[in-house]
Every structure is written in C-alpha cells, then in structure tokens.
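Student: Model the full assembly from the supplied sequences, consistent with the hints where possible.
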Amino acid sequence: MKKERKINYRWYIYSALFAASIALAVFVHNTSYVRLWEALRNVVSSAGVYSNEFFKTSFNVTPGAAEFTAVDVEKFLPFTLDEMLAKLEALIPELFTWENFAAYMLFVLNGLTLVLAFLPIVVLCFYLFGQLILSSYLSETDKQGRSKPLNFYLCRVRPIKEKVKDFFTELVAFGKEKKLFRWLALIWLLNLNVISIGVAFLAFYIYFVACFSVLALLKNIVNLIADLIVMFAGLPLLLWLVIGYVILDTLRKYFARKKLRHNENKNKGFIKGFLSLVNLIVGFMRSGKNLTETDIGLSAEMIHRDMALEGMVEQWHKLPDFPWRNLEKEVERALFFKEIVDLPSAREYAEKKRKRFFSDMQRSKIFGYEWENFAYEFDNGMYVEDVFDIVETYTQYYMMYVVDTSLIVSNYAVRSGAIKNDNGHFPVWRDDFFDAPSIRETFDNNMSHIIDYDQFRLGKRVGKEKDVGIFGYGVALMSEKGKERGNAVENQHYKKTDEDANPRNDYFNLFLKVIAHSATVDYKTFVIVVGDEQRPESVGADEREVSTLLHICDREQNHLAMPFFEFEELIYSFLRSKFDPFIIEYRYNRDDGTLLTYLMHHLVHKFYGYYTRTYGKYGYDVVKLGIEKGTMDGQIDVHDYYISNHKTKARRYPTDCYRNMLAVKARRAKTGIADLPTYRDVRGDDDEMEKQNSFFVTEFQKHLKG
Amino acid sequence: MKKSKIIGNILIYSFIAFTIGYVIFVFKMI
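Those sequence lines, one after another, are chains A and B.
Its first residue numbered 1, the first sequence is counted upward by one per residue in the numbering used here.
Its first residue numbered 707, the second sequence is counted upward by one per residue in the numbering used here.
What the hints contain is simulated information worked out from the structure, not anything from laboratory work.
It is possible that some hints are incorrect.
DSSO-like, lysine-lysine: derived pairs with alpha carbons at most 30 Å apart [as the list claims (entries may be wrong)]: (1) A:338 / A:524; (2) A:259 / B:709; (3) A:649 / B:708.
In silico contact screen, one side only, chain B against chain A (beta carbon under 8 Å); selected entries [claimed, not checked]: (4) 712; (5) 716; (6) 729.
Note that beta-carbon positions come from the ideal geometry of N, C-alpha and C, so glycine has one too.
Tutor: Here's what the structure looks like:
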C-alpha cells in the first residue's frame, strides 16, 4: 500500500512569502536592483582608476563613483540631485545663523504646542478610566469564581490566541530550521537598497583612495542620502519603527555583554594586581561579603586556568617542534589512573620519564620527539632549560589545566562557572558567567569541593584519617573565618600541648604563611585563600596581619549594563506604581476574577518578566572595596569591584549556607513567633521579665532581693 | 537604575534628537 506523503503546509506559506517578495522586487523595488547594477559597474570602473593610479596601467574608464547616480531616484526625493549638492555645500555656514535657529525653535515650539494640546485629553482619559471604571472594581463584593466575560475570554478567545501564537512560533522555528530566513533576508536587503548602499560605498572607497576628490565625496554623500530615502520609501513607517527597535535591541544587548565582559576583565586585573594570597573580606551583616567572596572565587578559578594556559603557550614557543599532544595524552592517562593527582606527583612523573629516557635514549621514551634533529634545550638569558625541565613544567601546567573538576574548595557550596570544550584535540575552557541560559537545576552541576580544614593544618588535626595530605593549589573560600579560627582572646584557654587539635596547636597560620611554596610552578603561584568575617579583629593577629583586608565600604545595586533602556524603565515604573496599589485594594475587597483585571495583570506580568529578565541578564552591583593591609594601619585604598547578577546570583551559592543546621535546632520546639507569650501592658511585670531568661534580669533581681 | 540617571540619559537623547532635527531642518530650508 502506498504511504501517503504528507506535505508540510509551512512550505506553501514560505513559498508564498518568497513569491510575494520576488514580485515586489520586480514591480515595486526595481529601482534598487538598477542601482545595484550601477554600483557593481562603478566598482569595476573604480578598480580601473585604482590600477591606473598605482600600477600605471592605462585602462580607459569613466569613474561612475565620482558622479551622481544615473538611476532615476529623483521620483523618491523632494529635491533634484543638483539641488541637494548645492544644499550640502551651503549647509555648514547656514547651521550657525540666528535666523535658522530661531525658525527651528519656532518649529519645535509649534510641535510642542500640538502635543500639549492633546496632553490634557490624554490625562483626562486616564483620570476618567481610573476614577470611573477602575474604582468601580474596588467595591467590596462576595462574588466568587470568574466573571462571565472572563470565562468567555478564557474558554473561547484565549485558546484561539494560543493557537495563533503556536502557529507563528512553529512557522518561525520551521523557517530557522530550514534556513529560509537568510534567503528571505537577502531578497529584502536587495529590495530595500541596503546591499546597493554597501556596494556603492565600496566603489567610492576604491576611487577615493586613488583620487582624493572633495567634489566626488560630496556627490557620493548626495547619492547616499538618495539611496537612504529610496530605502525608507520601500516599507511603511510603522514597519521601519519595528525593524529599528529590533536592531536597537540587538545592538544594546551586544554592548551590554561587552560591558559585562569588560567589568569581568577589570575584576580579574584587580584580583591579580591588588589581592594577596590570603585575603579577608570584612563588612556588616548582609553587606555582601559572601557574594563578593564567591565572585572573587569564581574569577580566581578562571584566572588560574588562564595562567596555566599562558604558561603552556610559553613552553610551546620554547620547543615548537615538540609533540605536545603526545605528552598531553600521557598526562591525561596518568590523571585517569591516579598516577598524577597533585603537583608533587606531576613532578615525580616527569622525573620518572627523564630517567627512562636517559636509560635508553629512544624517541619513544621522549614522547616521539626527534630530539636529535630539533632543539634539545632553551636559553632564556638567565639559565638553560633542557627538554625534561620544560616537560616537568608543562606536566604541572597541563595537570592543573585539564583536570575536569572545580578548582574551588569551600566551606559552603559554590556552583562553578567553568566549562570545558573538548573535541579530542586541545581542550579550551570558557566561563558561563554571561552567556548561559537561566539555570534550572543546580544538582549535579560542577560544584566546589567540600573543604577539609585538616589539609591546612601542619600540626594536630581534627580528623583521624592519616592520608589527608595538604592543600596543593586552587581557590579556598572560607566563610565566617573568625568563628572557625577565633582570636587570641577566644583561644586563650587552649594550650599548644593539648592532646586534641585546637587553633593553637594545629599550625594553620604557619601553613597559610608558606602556602605559596606548594602551589608555585615556574615562578607563578596558583593558590588564593579568601575568607570573610564581620570584624577583622575576630581573626587572630598572627593570621590577619599576613592577609589583605577588603572592607566593603558600599554597594551600589541595580546598575544596568544595557544602554537605551530608560523608556522601558519609565513605563515599568509607571505601570507598577499604578497597578500594585490597585491589585492590593482589589484583593482586599474581593476574591473573584474579572476580565479587565485579568488583562491588566497579564500586561503588567509581561512587562515584569521582561524587566526582571533584563536586570537578571545585564544587571550588576558596584561594590566599593577598601583595601587595607592586615596590620590595619588605617591606609585604605578604595576600588570598584563589579558583581554581575547573571554570574554570581544565578543560584551560584547559598546566601544562607547555615540554614539547615539552624533549622534542626529550630524544629525541636515545634513553635513559632505566634506561640510566644506577649506582654499584657506597656510595662512588663516580674513574671514577664523572668520569662526572658536574661543574664541581666537574673542578676538584677538577685541584687534587688538581697 | 537610579531615577536621576534615567532623566539625565533622556535629556541627552533629547539633545541629540534636537541637534539631528536641526541639521535636517536647515538642510530642507536652504
């Protein structure tokens, strides 16, 4: 039985669109095609002039790019081309005359008068709408459920609206999938004279380089104005406004992403230039310490990978003929089988390779490198490195670079932003700070490692495991550091000779002072420790004075990287200021649903979603960070640090990381604030004061009774 | 975005539109 071939109806729709576009090209926009042909001929003649000028050929050409267009564009223009040239020549001096300025001011004021004449009518309409129509919706009623108009809309109108929306969504998706839009766009770029303008510019550029003619420049400006008028005459004004808005939106999003990336680069410069290996962020509660710490950690992780990559590229330059991919594959194999797990094991691995080579001197023992024919060593002007010195450095760099895990260890969960692109050749890392879609699930993402403080202890340790090792390289984030380490006053009851680990006998501070030694490769250090605390004095002086303090002096929220958003801001602000009080009052007085409220709420919902997503993608805070030495000498340099919403607030870390631990204690009582007893009067009596379980009240009462 | 920044930016756009409008107006007038 023959299988019925079902033809997708969307092909018919697109065929009709293409047919209509081509018909319009032939019968309406034919001037654009004639102009394009002229522009192409001008490119050839300009190339001839260019060749005659620079290569001394003798082509007989008439440069069309030096003259007015011969195409009949004057039917679109209010003036002839000669008149336009005369106007252009006289324009600059005429701009600076009082008569012209006064005439323009009169014109503008006439326009404003027209607008002001309509303004009272518009204001009156809004006022009547608010007072007569909306206020009637605020009368108290016991009605429940939906009104009849709303029911009709939801049951009859909305399904049709959704079907129409789905139809166009699928039509657009089909066009994108079959790559039909690019051909349609090409036809319309030709129809609207856009491509002619580009080609005409090319023709003029080639001519102008050969013959610097001001008259030709002016004539081409006239040609350009004529071409632009032909372009704008090709579509109705409303359609141009829509196209203009789409182009503006695309451009402003591009500039927004550029600005966010620039802010991120400034942050990286700040971290590399001003932060030390051990840092402490200090500020009041809810001032953004954890937020800043997380942001620094995410950027530092990318900095370490960038540094490793830079280091590897330098090794490539030292031995350009070395088969680096062979070494990389061996390092990846060693990582998989746990022969390499950290920097010391990477160095041991390279040393083992060196010994194997020197016992045999075969190419297979030196990763297939033709060491007899190519360079065996590199002189950097200070010392000479042989192949295996470079291999040892490279092995360490590549290990840190390729390991497919977060480089962050922390005492609260951080969702890493590093993404590895690996198509079987050299892997490349990028971050998902600004381009990723909104996050849905955080479970099973690339998360930070749970910090084991024993890795930072050179003395006594809390855990009983012997094979803990020490923290090698990476980014360590320690929130509430003062509560972990304590200061001299809080630790005074501990003794160094205690059997159990305590802040005095664990030599944590000593490790922080020498931490760079375990994380340095080729004079570059791959470790940073960032903590936060409310008061710097909460951390002992021994540790604090080797840190850099970062004071959160101020945080300016709600900056927007996307330009030209002011009108949307005003509209959104107006809608919320009017609608929010209305809906609260409405819900206070009634529970039912009405069509007008439904439509208004959905309009506000659309704007709310658009506004929130814009700030979510392109919003950022500016934190004023005051840098001070840990010795707290009072010299504070304030720098700006940029925290992008999409980078750091997209479920990247929990702002309430101890919530679950506190909840365990809270749930024991099975009561809440509503269950707590209240005072009977403005002055509490003895029984009520005793219920406070207060140290002061207990002591006070003891003295009063004594 | 701060209100002062919104108003400041709108004034800048208005000035730019005013200037472009002036150039086009004079071009048409002469």
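Student: All hints are to be evaluated individually against the structure, with a verdict given for each.
Tutor: Do the hints match the structure? See the list:
1. Annotation: proposed proximity of residue 338 of chain A to residue 524 of chain A holds, straight-line Cα distance about 25 Å (limit 30 Å).
2. Between the alpha carbons of residue 259 of chain A and residue 709 of chain B the distance comes to roughly 21 Å, so the proposed pair stays at or under 30 Å and holds.
3. Annotation: proposed proximity of residue 649 of chain A to residue 708 of chain B holds, straight-line Cα distance about 21 Å (limit 30 Å).
4. Below 8 Å, beta-carbon pairs count as interface contacts, and residue 712 of chain B has one with chain A at about 5 Å; its hint therefore holds.
5. For the restraint placing residue 716 of chain B at the interface with chain A, the shortest Cβ-Cβ distance is roughly 5 Å, inside the 8 Å limit, so the hint holds.
6. Because the closest C-beta pair between residue 729 of chain B and chain A is about 7 Å apart, less than 8 Å, the hint holds.
In terms of the numbered hints stated before, the structure departs from none.
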